[in-house]
Amino acid sequence: MPVLTAQPFPTSSPPGAAPPNRRPGRRPGGRLAALLVSPTLLVLALVAGYPVLAAFRESLFGKREGLDSSGFVQEGEKFVGLRHYAAVFEGEAGERFWNAFANTTFLTVTTVALETVLGVAMALVMHRAIRGRALVRAGVLVPWAIPTVVSALLWQWIFQADGAANALLGREVLWTTDGFQATVAVIVADTWKTAPFVGLLVLAGLQLIPGEVYEAARIDGAGARQQLIRITLPLIRPVLVVAVLFRLLDALRMFDLPFVLVGPHKQSVETLSMLAFDEAANTRYGPGAAYAVVLFVYVAVVAFVFVRLLGADLLSGDGTGRKTSPRRATTAEGAMA
Amino acid sequence: MSTLPRSAGVHPRRAGRPGARAVLALLGTALLVAYCLAPFYWMLVSSFRRSSDLFDKSPLPSPWSLENYRAVLEPGTGFGRALLNSLVVAGVTTAITLVIAVFTAYALARLDFRFKNAVLALIIATSMFPGIALVVPLLKLFAGTLHWVNTYQAMIVPSMSFALPLAVWNLNAFFKQLPRELEHAAMVDGCTPGQAFRKVILPLTAPGVFTTAILTFIAAWNEFIIAVSMVNETSMQTANVAIARFGGATGFDIPYGTKMAAGVVVTVPLLIMVLVFQRRIVAGLTAGAVK
Chain A
1 MPVLTAQPFP TSSPPGAAPP NRRPGRRPGG RLAALLVSPT LLVLALVAGY
51 PVLAAFRESL FGKREGLDSS GFVQEGEKFV GLRHYAAVFE GEAGERFWNA
101 FANTTFLTVT TVALETVLGV AMALVMHRAI RGRALVRAGV LVPWAIPTVV
151 SALLWQWIFQ ADGAANALLG REVLWTTDGF QATVAVIVAD TWKTAPFVGL
201 LVLAGLQLIP GEVYEAARID GAGARQQLIR ITLPLIRPVL VVAVLFRLLD
251 ALRMFDLPFV LVGPHKQSVE TLSMLAFDEA ANTRYGPGAA YAVVLFVYVA
301 VVAFVFVRLL GADLLSGDGT GRKTSPRRAT TAEGAMA
Chain B
1 MSTLPRSAGV HPRRAGRPGA RAVLALLGTA LLVAYCLAPF YWMLVSSFRR
51 SSDLFDKSPL PSPWSLENYR AVLEPGTGFG RALLNSLVVA GVTTAITLVI
101 AVFTAYALAR LDFRFKNAVL ALIIATSMFP GIALVVPLLK LFAGTLHWVN
151 TYQAMIVPSM SFALPLAVWN LNAFFKQLPR ELEHAAMVDG CTPGQAFRKV
201 ILPLTAPGVF TTAILTFIAA WNEFIIAVSM VNETSMQTAN VAIARFGGAT
251 GFDIPYGTKM AAGVVVTVPL LIMVLVFQRR IVAGLTAGAV K
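Sequences listed follow chains A and B, in order.
Residue numbers are given in the UniProt record's numbering: position 180 of the first sequence equals residue 180, and the series is strictly consecutive.
Residue numbers are given in the UniProt record's numbering: position 263 of the second sequence equals residue 263, and the series is strictly consecutive.
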């Protein structure tokens, strides 16, 4: 185990023999940390860092065309600077881009908001469930476990012109063709599939809260609502923050669901990912890479704002209850220790 | 959580409420289960209808029929092989990812070192890279110098770009919630930080590791863009790609009943796995209660 061999201290020394190291956790952990962190960084550099840099480079180059000064046909690539980006924002391409941008934003905001509220509600229900807890949790795993492609197919079937949705509503809506109803179909399908993801993460957070905290609160006269707002929500905050962040980042690059459920080239649901994919699939790698880079920057800005707003808990917080009053925080930590 | 006899002193004031609470909990549970299962149930029912009564709205197929399943599982479709491919890709991705992620997540949650925040920010950053931006350059690399096209590693390695950050972040959140006093106590008792991690923290994080393993596996199983780009041989394609092609480009003549059957076949191995892991999660959460 490399972790153990990296220790500067002999592991066999008796516990009482090291008074200078009364707080071993405070030792500079640089070497150990480097050892533990570097495999992840190495893998990510290879499978994520390199491709993104390559995409950046691709977006600045175009196909070389025409003849050079001595009359030979030129082949390969040439540097075109920001020309792809200029083309992205203007004219017909620009219209398509801004439409995709608006679609991506709208779908992200609506789905993540719905999923967060539903997810927390699901977790609370699962946590309280008296009968068949295992069965309920397995049931909740179903939508989340179904591959996106399959769920797109499934909702396509439900949203058929003569399908279950229209039969239930008594309407004749052409859900999956185009228009706002197609957007609604995508929102419904995405929320159905991913709210359980939020719910499961929150449930895991809920289960780390010891029952004694609630017992103490009850003895102090706190009602169910007070317990939810003052104990449950602050204590699940770290897990919830991670869940929402991942949902947000995932929704911004939404691709498979609208692609299979509604189809490509549909104005109402074309997202930035679909636009970039369409360009690249038609061998317009330069513009495709430019769209991908724009999406990348958009995502980065959103993530940066998100982390800045909730960053204290994400980056440096080492426990729960940071934002609660000192007295209550002490109570919570005391109960957990 | 059977460690302590809970609520030894029951408040007399609360005696009347458990009944109403139980009804509410039951109602909530029923709603939740209906929400989660109804759409899949509809898919399941439709897959067992004959093509002649596919558009029936009855809750059960009137004559049950395996017509659609026969069409999907015909030897010519190569569907079994596609399922196996999916299992290999998602399974290997999950195993490698978790081994790497556990150590990294622990270091990020507990050790003090320089550039910690930078490393955290970097991992967030990679998790948000749009898949489309990764696929094209990697395909260029795999098709050219590496000759990886139509191999498992061509799908496994890029899948780690989203699986690894996901796993590190989830585990990190779990590690952060465990009180530091646990390690301090272990180290006072003579453990090195490594031993404290292995013997005290890791067993306590079992619920988190299991939840993370499931998250990672499903994410890898759901992956679509990478699998569809890196493989063009039918024998190497994953179930997802097979099913998309089923209902995609050539799919106009394929009836919905057959598509539904294909969807059920792809989902059944997952459902079995979900049930198996389900027990482990429950057991892990109970055993891992910090006391």
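Just to be clear, a hint being listed does not mean it is correct.
What the hints assert, rightly or not - Covered, in the sense of this in silico footprint (three residues per stretch, anywhere, with C-beta under 8 Å from a C-beta of chain A), are these stretches of chain B:
hint	stretch
1	73-83
2	118-127
To be verified - Some chain B residues judged to face chain A by a derived CB distance under 8 Å, without partners named:
hint	residue
3	Ala20
4	Leu37
5	Val149
6	Tyr152
7	Leu166
8	Thr267
9	Val268
By construction, these hints were calculated from the structure, which means they are not laboratory data.
Where a beta carbon is used, it is the ideal one built from N, C-alpha and C, also for glycine.
- So which of the earlier hints does this model not fit? 1, 3, 5, 6, 9
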